[in-house]
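**Student:** Residue numbers (the working numbering): 19 to 83.
It should be emphasised that the hints constitute simulated quantities derived from the structure, not laboratory data.
Think of the CB as a built atom: it goes at the ideal place given N, C-alpha and C, for glycine as much as any other residue.
Among the clues, some could well be false.
[As the list claims (entries may be wrong)] Label pairs and their calculated CB-CB ranges:
id, residue 1, residue 2, range
1, Leu21, Val50, 18 to 24 Å
2, Val42, Leu83, 58 to 64 Å
3, Ser60, Leu23, 32 to 38 Å
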Amino acid sequence: MDLNLFNGFRALSANIAVELPEAVRGGTLYRVLFLSALVLFSITLVINTAAELVRQRFRRRAQQL
């Protein structure tokens, strides 16, 4: 692994899309890709929930003005 920060990396979603067709169902790679998909889903859910809470807070403050 090269530690140069300017080398390109593959995004998590791109890695899932590229590697999944080659993964044997039930194999180690399949499980790791499934886990990465769950991690990606969890991160997205947390960020979207936080954004919605911030949006609701701003909406309530705007209505009070």
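**Student:** Each hint: holds or not?
**Tutor:** Checked hints:
Taking 18 to 24 Å as the suggested C-beta distance range, the pair Leu21 and Val50 conforms, at roughly 22 Å. For the hinted restraint 58 to 64 Å between Val42 and Leu83, the CB-CB distance of approximately 59 Å keeps it satisfied. For Ser60 and Leu23, the hinted distance range of 32 to 38 Å is not satisfied, since their beta carbons lie about 26 Å from each other.
Checked against the numbered hints given earlier, the structure breaks only hint 3 and satisfies all the rest.
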